[in-house]
Amino acid sequence: QQQVKQSPQSLIVQKGGISIINCAYENTAFDYFPWYQQFPGKGPALLIAIRPDVSEKKEGRFTISFNKSAKQFSLHIMDSQPGDSATYFCAARPYISNFGNEKLTFGTGTRLTIIP
Amino acid sequence: DAGVIQSPRHEVTEMGQEVTLRCKPISGHNSLFWYRQTMMRGLELLIYFNNNVPIDDSGMPEDRFSAKMPNASFSTLKIQPSEPRDSAVYFCASSFFGGYSNQPQHFGDGTRLSIL
Numbered sequence: 001q002q003q004v005k006q007s008p009q010s011l012i013v014q015k016g017g018i019s020i021i022n023c024a025y026e027n028t029a030f031d032y033f034p035w036y037q038q039f040p041g042k043g044p045a046l047l048i049a050i051r052p053d054v055s056e057k058k059e060g061r062f063t064i065s066f067n068k069s070a071k072q073f074s075l076h077i078m079d080s081q082p083g084d085s086a087t088y089f090c091a092a093r094p095y096i097s098n099f100g101n102e103k104l105t106f107g108t109g110t111r112l113t114i115i116p
Numbered sequence: 001d002a003g004v005i006q007s008p009r010h011e012v013t014e015m016g017q018e019v020t021l022r023c024k025p026i027s028g029h030n031s032l033f034w035y036r037q038t039m040m041r042g043l044e045l046l047i048y049f050n051n052n053v054p055i056d057d058s059g060m061p062e063d064r065f066s067a068k069m070p071n072a073s074f075s076t077l078k079i080q081p082s083e084p085r086d087s088a089v090y091f092c093a094s095s096f097f098g099g100y101s102n103q104p105q106h107f108g109d110g111t112r113l114s115i116l
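Residue numbers (the working numbering), protein chains in the order written: chain A, 1 to 116; chain B, 1 to 116.
To be clear, the hints were calculated from the coordinates, so they are not data collected in a lab. The beta-carbon is built from N, C-alpha and C at its ideal position, and this holds for glycine as well. Keep in mind that a hint or two might mislead.
Unchecked claim - Here are the simulated distance ranges between beta carbons:
(1) N67/A x G59/B: 24 to 34 Å
(2) S55/A x E18/B: 42 to 52 Å
(3) S73/B x P82/A: 30 to 40 Å
(4) F39/A x T20/B: 21 to 31 Å
(5) T38/B x T28/A: 26 to 36 Å
(6) R64/B x V54/A: 40 to 50 Å
(7) S58/B x K71/A: 15 to 25 Å
(8) S66/B x V54/A: 36 to 46 Å
(9) T20/B x K68/A: 37 to 47 Å
(10) D79/A x P70/B: 41 to 51 Å
(11) K68/A x A2/B: 37 to 47 Å
(12) N27/A x L116/B: 37 to 47 Å
Said to hold, decoys possible - Just so you have them, the derived chain A footprint on chain B, three or more residues with Cβ under 8 Å:
(13) 39–49
(14) 82–96
(15) 105–116
Between the sequences and the hints, there should be enough to build the whole structure, so can you do that?
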C-alpha cells in the first residue's frame, strides 16, 4: 500500500515535444506529491509539487496533473528541451502530523532523453 | 547558501572493511535522511532523524549498517563489515520540519560506494 508506481521506465521525446510521466498510488493517506529531477552525478532536486486539493499545478514548462479519484498524478513537460534530459522521480507522503510522517515514498524513476 | 555536503564523493574499498559516510545538513534544518540508490531497487530510505533523534530506521538493511547524528550539523552512516552488495550511491538529504509542513527534502550529491 506504500508503493508509488511510475511509468514509463524510459522515454525519448523530440525537442519541442511534450514529455509525460505517470504515477499511481494506493495509499489514500498520501497528501503531498512532489516530483524530483536528477542529473547524472547529482542528487535529486525538487522540481514541482502538488497537494490533492487542486487538480493541476503549473510552473513554467512543468505541469502536474492530479486525479484524486483515480489515485494518479502525472508530470507534463511542455516544449521539451535537451537540458531536460534527466531522470525524474515522483514521490508521495502522508499528511504530516508528527515527526513520524516525513518519509517520502519514491517511484522507480523515468529516464527522459530529449533528442534534437 | 551551502547545500547538503557529503563526503567522500567516491569510495572504493575491499569487502570486509569498515566504511563511514559523512553528511553535513543545511544549517537550520532539523530533519536528516539517508537514502540508498541502486538500479535494481531505486531510491530507498534507510533511516531518518529529527532533532538528532532516529525516528524511523525500518529501512536499514541489517545490523551491519548503523547511523548516528551526534549534533545538528553532522551525521554518519557506517557499514561494518562491508559486502559487494552494499555497492550503491548513498544520499543524504535534509529538511526543516515545523509542524504541518511541506518543506522539501534537499539532497546532497551522494557518495558512490564500490565494495570489491
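Each hint, compared with the structure:
Between N67/A and G59/B the CB atoms are about 29 Å apart, so this pair conforms to the stated range of 24 to 34 Å. Between S55/A and E18/B the beta carbons are some 50 Å apart, a value that agrees with the proposed interval 42 to 52 Å. A C-beta distance of roughly 38 Å is found between S73/B and P82/A, which places it inside the suggested range of 30 to 40 Å. Here the CB-CB span from F39/A to T20/B is close to 27 Å, well matched to the stated 21 to 31 Å.
At roughly 29 Å, the beta-carbon separation of T38/B and T28/A lies within the given 26 to 36 Å, and the hint holds. In this structure, R64/B and V54/A meet the distance hint of 40 to 50 Å, their C-beta atoms being roughly 44 Å apart. For the pair S58/B and K71/A, the supplied restraint of 15 to 25 Å holds, since their beta-carbon distance comes to about 24 Å. Separation of S66/B from V54/A is about 42 Å and conforms to the stated range, judged on CB atoms against 36 to 46 Å.
For T20/B and K68/A, the hinted distance range of 37 to 47 Å is satisfied, since their beta carbons lie about 44 Å from each other. Here the CB-CB span from D79/A to P70/B is close to 48 Å, well matched to the stated 41 to 51 Å. Taken as a hint, the range 37 to 47 Å holds for the pair K68/A and A2/B, whose Cβ atoms sit roughly 38 Å apart. For N27/A paired with L116/B, a C-beta distance near 39 Å keeps the hint of 37 to 47 Å intact.
Requiring three or more residues with a Cβ within less than 8 Å of a Cβ of chain A, the coverage given for the stretch 39–49 of chain B holds, as 4 such residues are present. With 3 residues having a beta carbon nearer than 8 Å to a beta carbon of chain A, the stretch 82–96 of chain B meets the requirement of three or more and the stated coverage holds. Counting residues of the stretch 105–116 of chain B whose CB lies closer than 8 Å to any CB of chain A gives 6, so the stated coverage by that chain holds, three being the minimum.
Of the numbered hints stated above, none is contradicted by the structure.
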